[in-house]
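In case you want the letters, here they are:
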Amino acid sequence: MDYFLELFFGGLTRGSIYALIALGYTMVYGIIELINFAHGEIYMIGAFTALIVAGVCSLLGLNLISILILAIIISMFYSAAYGYTVEKIAYKPLRNAPRLSPLISAIGMSIFLQNYVLLAQTSDFVPFPSLIPEFEFMEPVAHIMGSSELVIIVVTAIAMVILSLFIKFTKIGKAMRATAQDRKMALLCGVNVDRVISVTFIIGSALAALGGVLIASHIGQINFYIGFIAGIKAFTAAVLGGIGSIPGAVLGGLVLGWTESFATGYVSSDYEDVFAFCLLVIILIFRPAGILGRTNTQKV
Amino acid sequence: MLELKGVCTFYGKIQALHEVSLSVQEGEIVTLIGANGAGKTTTLMSICGIVPAKKGEIWFQGEPIHKLSPDQIVAKGIIQVPEGRLIFPRMTVMENLDMGAYLRKDKAEIKRDLDYIFDLFPILAERKNQLGGTLSGGEQQMLAISRALMARPKVLLLDEPSLGLAPLVIKQIFKIIEKINKQGTTIFLVEQNAHQALKIAHKGYVMENGRIVMEDSAANLLTNEDVKKAYLGL
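If you read the sequences in order, they're chains A and B. Letter by letter, the first sequence follows residues 1 to 300 in the working numbering. Letter by letter, the second sequence follows residues 1 to 234 in the working numbering.
Where hints are given, some of them may not hold.
A few chain B residues that face chain A, going by a derived Cβ cut-off under 8 Å, partial list only [said to hold, decoys possible]: (1) I50; (2) V51; (3) W59; (4) P82; (5) P89; (6) G100; (7) Y102; (8) L120.
Derived pair list, reagent style BS3-like, types lysine-lysine, alpha-carbon separation capped at 30 Å [claimed, not checked]: (9) K184/A x K228/B; (10) K67/B x K54/B; (11) K171/A x K54/B; (12) K184/A x K175/B; (13) K154/B x K107/B; (14) K179/B x K184/A; (15) K154/B x K171/A; (16) K76/B x K171/A; (17) K92/A x K179/B; (18) K171/B x K5/B; (19) K55/B x K171/A; (20) K88/A x K154/B; (21) K55/B x K92/A; (22) K229/B x K171/A; (23) K171/A x K5/B; (24) K182/B x K171/B; (25) K105/B x K171/B; (26) K184/A x K229/B; (27) K128/B x K67/B; (28) K54/B x K105/B; (29) K168/A x K228/B; (30) K228/B x K171/A; (31) K67/B x K92/A.
Just a few of them, taken from the derived set where beta-carbon distance is under 10 Å, the chain A residues facing chain B [claimed, not checked]: (32) R99; (33) Q181; (34) I219; (35) G220.
Quick caveat, the hints were computed from the structure, so don't treat them as lab data. Fair warning: this is a prediction, and the values are worked out from it, not measured in the lab. A virtual CB, placed ideally from N, CA and C, is assigned to each residue, including glycine.
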């Protein structure tokens with residue numbers, strides 16, 4: 001039973017991170033029907049920013065909790081600025097181009113950002129300090145769930161609640177939903193769609209950065225390539241849950257996390273990816289739009 | 001109040017509007033009638049800046065608006081109820097109405113307009129927490145008009161409000177349009193249902209293949225032999 005719970009919480013942790021990144025894919029897709037392949041790189045940049053912030057902060061002699069909070073806040077802002085800029089440079093000029101063009105532009109942006117970090121930092125794995133403190137009250141259950149896992153799950157849950165409230169109740173949140181459901185009508189209501197798109201990129205990027213800092217601290221090392229792998233997994237999670245659907249991205253992330261965790265634990269870690277992608281194939285066969293996705297009905 | 005001067009609009013290389021000129025005076029109901037594909041919807045989309053005019057000018061209350069973005073045009077008080085109603089399907093009736101008042105900040109006045117709308121369409125008050133996509137066609141049209149009213153339009157552009165509705169509902173919708181006009185909102189009405197439209201309008205334009213081919217008072221157009229043959233089925 002303990003082993004099961006350990007795998008369960010391990011999967012939940014992993015799934016939370018996938019969900020945080022998947023939200024960025026799904027929100028952008030919902031608004032402009034673009035797969036933002038550079039999104040994984042934004043997550044990676046978030047982790048690197050946190051590494052630099054942590055380095056500076058520890059020189060200043062701050063305590064662990066304040067370093068963690070500062071690292072999260074600064075890297076969220078920094079990544080948000082990257083996301084905003086990527087949209088303005090790589091996607092906005094192609095707004096009315098055929099759909100393939102922004103997709104190619106996205107792949108180009110992804111390659112550019114990877115190599116930019118490769119040159120600016122290093123190609124090797126760099127150690128990432130453990131920013132999440134070990135809580136004493138977690139000791140009795142430490143064999144099931146570590147402190148960093150608890151923090152990841154709780155912080156992710158809080159982020160999701162804030163995001164849902166934002167989308168449901170704020171003016172710009174409503175404008176985002178309206179734009180996703182009917183862009184022309186949103187324009188006719190006076191929504192500045194360019195601004196909505198920018199806000200979407202900013203939120204998605206900040207969430208990815210949050211995921212990046214948390215998981216880097218949990219795993220303990222990063223390199224320029226982590227964005228690519230996490231990006232592919234999170235994209236899988238978004239498709240699994242139904243791309244364009246926000247609850248779908250969260251559910252897809254969790255399902256993927258659990259699948260990988262249990263497959264690793266009960267079968268073999270060699271088969272982790274095999275199970276993950278088999279699940280994707282099976283779900284897409286029976287529900288082509290994803291678990292919570294809508295099949296598009298033709299509008300009259 | 002609203003004036004188009006020699007407007008030409010293109011979809012790619014295809015020209016949809018050829019030198020369209022028309023004017024709407026304050027307080028009037030002006031209708032634009034014509035067959036499918038004549039360019040009526042394109043005319044509205046050019047006014048709202050969704051498909052900007054390539055040539056020509058559009059003036060509203062003494063200011064050129066053809067270079068403004070759609071949200072700036074909405075801010076001027078030019079509000080469109082588009083063809084097919086375009087209700088946000090996964091937002092509630094209430095949220096749809098909120099979107100209508102998107103650019104407004106006067107909360108107390110918004111509340112008053114909301115009461116007015118629920119008074120005008122009691123069915124919407126009953127369904128205010130229902131998703132827009134679950135309403136019937138007639139209810140959706142009422143919601144679409146209400147959403148536009150929530151923006152406090154100076155001029156209301158209506159695109160085929162009778163499309164796909166039962167005769168009884170059409171009658172009701174046209175009565176409401178007259179009522180809105182009597183309360184001081186200028187109306188530019190695009191319709192294929194020429195008879196109904198001309199009956200409530202003050203002035204009418206006839207459009208064919210992207211050109212205005214006739215312009216007269218609505219009463220004259222109703223008795224015009226050519227219009228009768230082509231559009232009234234008499």
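Among the hints numbered above, which are violated by the structure, and what are their numbers in rising order?
Violated hints: 2, 3, 8, 9, 11, 17, 18, 19, 20, 22, 23, 25, 26, 27, 28, 29, 30, 32, 34 and 35; rest satisfied.
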